[in-house]
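A.B. asks: Listed below are the residues making up each chain.
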Amino acid sequence: MHPTPREITRAGQHDVKIIWNDGHESVYPARELRLSCTCAACVEEMTGRKTLRPDSVPQDVHPLGIQLVGRYGIQINWSDGHHTGIYTFETLRASCACPQCKASR
Amino acid sequence: MTTVEKSPIVEQILAALRNVRDPDLGRDIVSLGFVKNIEVSSGKADVTIELTTPACPVKDKMKEEAHQLVLSVPGIREANVTMTAQVRATAGPSSSQFLPGVRNTIAIASGKGGVGKSTVSANLALALQRSGASVGLLDADIYGPSIPTILGITAKPAATERNFLIPVQQYGVKVISVGFFIGEEDAVIWRGPMLNKLLDQFLGTVEWGDLDYLVIDLPPGTGDIQLSLCQKIPLAGAIIVSTPQDVALKVAQKAITMFRKLNTPVLGMIENMSYFICGHCGQREEIFGSGGAEKAAQRLDIPFLGKIPLVTSLRASSDSGRPEIIDNAQSPVAQAFIHVAENMAAQISIAAMKGEVGQEVKISF
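So the protein sequences, as listed, match chains A and B.
Just so we're aligned: 85 in the working numbering is position 85 of the first sequence, and the numbers increase by one with no gaps anywhere.
Just so we're aligned: 42 in the working numbering is position 42 of the second sequence, and the numbers increase by one with no gaps anywhere.
The set of hints was computed from the structure by calculation and includes no laboratory data.
Glycine included, C-beta positions come from ideal geometry on N, C-alpha and C.
Among these hints, one or two may not hold up.
To be verified - So the derived label-pair ranges between C-beta atoms look like this:
#1 A:Val43 with B:Lys362: 25 to 31 Å
#2 B:Gln253 with A:Cys101: 48 to 54 Å
#3 B:Asp200 with A:His14: 40 to 46 Å
#4 B:Lys61 with A:His14: 56 to 62 Å
#5 B:Gln253 with A:Glu25: 49 to 55 Å
What the hints assert, rightly or not - Covered stretches of chain A (chain B as the covering partner; in silico rule of three or more C-beta atoms under 8 Å from a C-beta of chain B):
#6 34 to 43
#7 48 to 60
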């Protein structure tokens, strides 16, 4: 089975924290998460080239709400109005920025 | 465990029942909490055992074992074992939004069309219902909804005051089909967004009530509707139907890959049209080379749930709307469906007990 969150909550003021079912914790800074959106509006479908311009995303962009997508990911409603991206648990776990995970990549 | 009288003899009976193992869950029925009641009066013991599905494939075997073990306790001359069932839920995150009273939602899928997925779906629903479970059947095959024909349904669903659809009851199963809403001659050429809307309506506005199992007959393939479904509701899992043919198996693997990507457990594989039983002499012919799906299931590490034979009577009963499980439950094909349904129910119970699925994801943002 893929990694699954036990809890999705807030870290600090705007950042997203995921507590995984194996007890591991990941924190995703809000703006970085917004910039890493993989939806078709942010990444070109065929080439995989990023079309989202970082300077178009407000510095203080933050999630307004988070919904589950089936049992494999989440969708985030962003303060800049964007909401089409699906963040799969698999990619979220793979991009965990904690020192331990970074070292193992 | 609730005992009226927890005397030494009740303790002895409990100790004896620890020798009854549930082979699917791999533990004894006492530590699983299945023994619900033990009453003893003047040498007669009444024992109630509650399983996780009424369609348990080893129910009779476990009952007999328990019976013998209770009788082996000194001082017990007569034993009466009652088997009941309480289906556990595997429904997990966001289940409250759609299908609130449904404990387990199972999608029946296939990689390609024409493998008899709808016939399998309908008969599995009937077999589960026959075991005593409350069952719903959602025919989501927008490209060729055939459940109404297979089950001989001519009625249309009624609506409640709140504008919720009331499923049509047929042979004890609650049925909703896309076929209720489109004419038989209409071709469905709806695309993504419309499909999504239809699915929303299907999932959100049907009054299913309390169901142990909701069987969903998916359209063949790995397109929009399969994807949307896995996004909208947490399925207990998917069942893949395939013929033994190599080409069918190759596409079935695609479906399996899709479900795995969507983190939907694949609960098992069924081999349909496995072998042909001659209507005249009863001889078994392996037209497509039986056993291919079983081998594929092994290789892909998926439980193999059983084989369904190709018989003329199944085609005839599907066309006439009188399934053999209803009219002739002892026939080989009816027995094959019952066997597969029991194996499927066992896999769902295993998943529910393991907690692999159904874990709530707490969102506090």
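A.B. asks: With reference to the structure, classify each hint as holding or not holding.
C.D. replies: Against the structure, the hints:
The hinted window of 25 to 31 Å between Val43 (chain A) and Lys362 (chain B) holds, with their beta carbons roughly 30 Å apart. Taking 48 to 54 Å as the suggested C-beta distance range, the pair Gln253 (chain B) and Cys101 (chain A) does not conform, at roughly 31 Å. Taking 40 to 46 Å as the suggested C-beta distance range, the pair Asp200 (chain B) and His14 (chain A) does not conform, at roughly 31 Å. For the hinted restraint 56 to 62 Å between Lys61 (chain B) and His14 (chain A), the CB-CB distance of approximately 58 Å keeps it satisfied.
Distance hint for Gln253 (chain B) and Glu25 (chain A): a CB-CB separation of about 36 Å, inconsistent with the stated range 49 to 55 Å. Residue count for the region 34 to 43 of chain A with a Cβ under 8 Å from a Cβ of chain B: 0. That is fewer than the three needed, and the coverage hint is violated. Look at the region 48 to 60 of chain A against chain B: 0 of its residues bring a Cβ nearer than 8 Å to a Cβ of that chain, fewer than three, so the hint is violated.
Violated hints, listed in ascending order, are 2, 3, 5, 6, 7; each of the other numbered hints is respected by the structure.
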